[in-house]
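S.K.: Here are the chains, one letter per residue:
2 protein chains.
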Amino acid sequence: MAPEESWEVNGTSTTPSTAEKLLVHHKENHFTAGEVVRDVILGVSDGLTVPFALAAGLSGANAPSSLILTAGLAEVAAGAISMGLGGYLAAKSEADHYMRELKREQEEIVTVPDIEAAEIGEILAQYGLEPHEYSPVVNALRNNPQAWLDFMMKFELGLEKPDPKRALQSALTIALSYVVGGLVPLLPYVFIPIAQKAMLTSIGVTLAALLFFGYVKGQFTGNYPLSSAVQTAFIGALASVAAYAMAKLVQST
Amino acid sequence: MAPEESWEVNGTSTTPSTAEKLLVHHKENHFTAGEVVRDVILGVSDGLTVPFALAAGLSGANAPSSLILTAGLAEVAAGAISMGLGGYLAAKSEADHYMRELKREQEEIVTVPDIEAAEIGEILAQYGLEPHEYSPVVNALRNNPQAWLDFMMKFELGLEKPDPKRALQSALTIALSYVVGGLVPLLPYVFIPIAQKAMLTSIGVTLAALLFFGYVKGQFTGNYPLSSAVQTAFIGALASVAAYAMAKLVQST
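Line by line, the protein sequences are chains A and B. Residue numbers for the first sequence follow this note's numbering, beginning at 6 and rising by one. Residue numbers for the second sequence follow this note's numbering, beginning at 6 and rising by one.
The following block holds chain A by itself, in its conformation from the complex:
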């Protein structure tokens, strides 16, 4: 869900060399470990929230622990597949889409080079550049078809070259993380047969987990960690209140 976000080091940047700065700032330098971490945070946050809320809601409807576990674990299984497989297929579609756009740009560069060259000009003109200022760039690109293609993919279409292995890795990471996240609020119901008691423990551990993950998420996305922690916990709390209220409402009809 969270789109591309850049890295910060403790919320500020030092004054490094140009190369260092580019290394920190440049979005293209994806650290694979960082993307795995992001997927874990995404999956666990979602897994913590809805299974927790569902379990709390059913406790409110006086369901026994066994039923809460049935519903909760079924939801975790469904949610993990929906997120994991859904994410994988979406990433594959994106990769296919990228390849189709790449082919089209390649063709256009060969068949209608003047139009494509004019497009470079249009892109740079948006930054107040005059033709005499950008025409050296246009000419250089015209003589370097590979670079020209890369330039159009990035600056005209805004498309990044996807990594085929990442789609599968990302899907598996998110799905597994969702399962781990979902187990946190549900495990109390395994060990505590009286649902209302289990719910109290579930609330306790889940809120703690939400605060922790929200904090970590904030650090990695460059947002204020405390604020992120509170927001993450608040979403979980509100979702469970809504589930609780809905369950009570349906039970009363």
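Don't read these hints as lab results, they were simulated from the structure. None of the values given here were measured: they were computed from a predicted structure. Hints may contain errors.
Which copy? The list can't say, so a pair holds if one copy fits it or any two copies do.
Restricting the straight-line Cα-Cα distance to at most 20 Å, the calculated cross-link-like pairs of lysine to any residue (SDA-like) are [as the list claims (entries may be wrong)]: (1) 97 x 243; (2) 253 x 71; (3) 166 x 132; (4) 97 x 230; (5) 159 x 128; (6) 159 x 126; (7) 170 x 39; (8) 170 x 100; (9) 202 x 188; (10) 166 x 130; (11) 159 x 127.
Please build the complex by placing chain B on the supplied structure of chain A, with the hints as guidance.
M.R.: Below, chain B alone, put in the same frame as chain A:
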């Protein structure tokens, strides 16, 4: 979940004028209606999948329709809030992040202009451009701080200026769409008290809805609609099989 995707007209492009082509291709020309549609597709697809799977799973565990409705509607309430509020807060954080990065770039342009100017060069050098080819661009940008700032935000950091109203609109759209999507598989359980019978109707209407929405999603994202329809329905089917199996498993312990 689905990142930025570009528009196609019936899967191919005609050979239009340069301006038209830029209009169709350029990611910056977001049509607001298109973004609303995308949010609807996102919310409904998710809403169709997990509530459906949960209901099917609980039917498999021989739960009565009333309980399936309780769990299903509680999940829809929790899921809508998790997606809606979660999405809204994520968008707000992104907007805050953008403003912080904007301020930082602004400062850097003022305090360390030579480093920033060198960065423009580094970005363009990646496309095989020589200093004598890109220095007119660098000089022009140095004399136009606003354009320089825009250029760095887009080409160095890859950040788009977020629209503040969109965050709220997007969240509400996704949440409402999730509710609508979730109601489709659950309504049969309102009218058909015998869960196993209701489940058959639920499977029928939900599969039809998944195929339809998958098809529409394919058209809007520029992927093959039939393929998209089958994939969307497949995810729903697999998620419900997993939920069903999990529910049976938990019930048997």
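S.K.: Of the hints given before, which are not true for this structure?
M.R.: none
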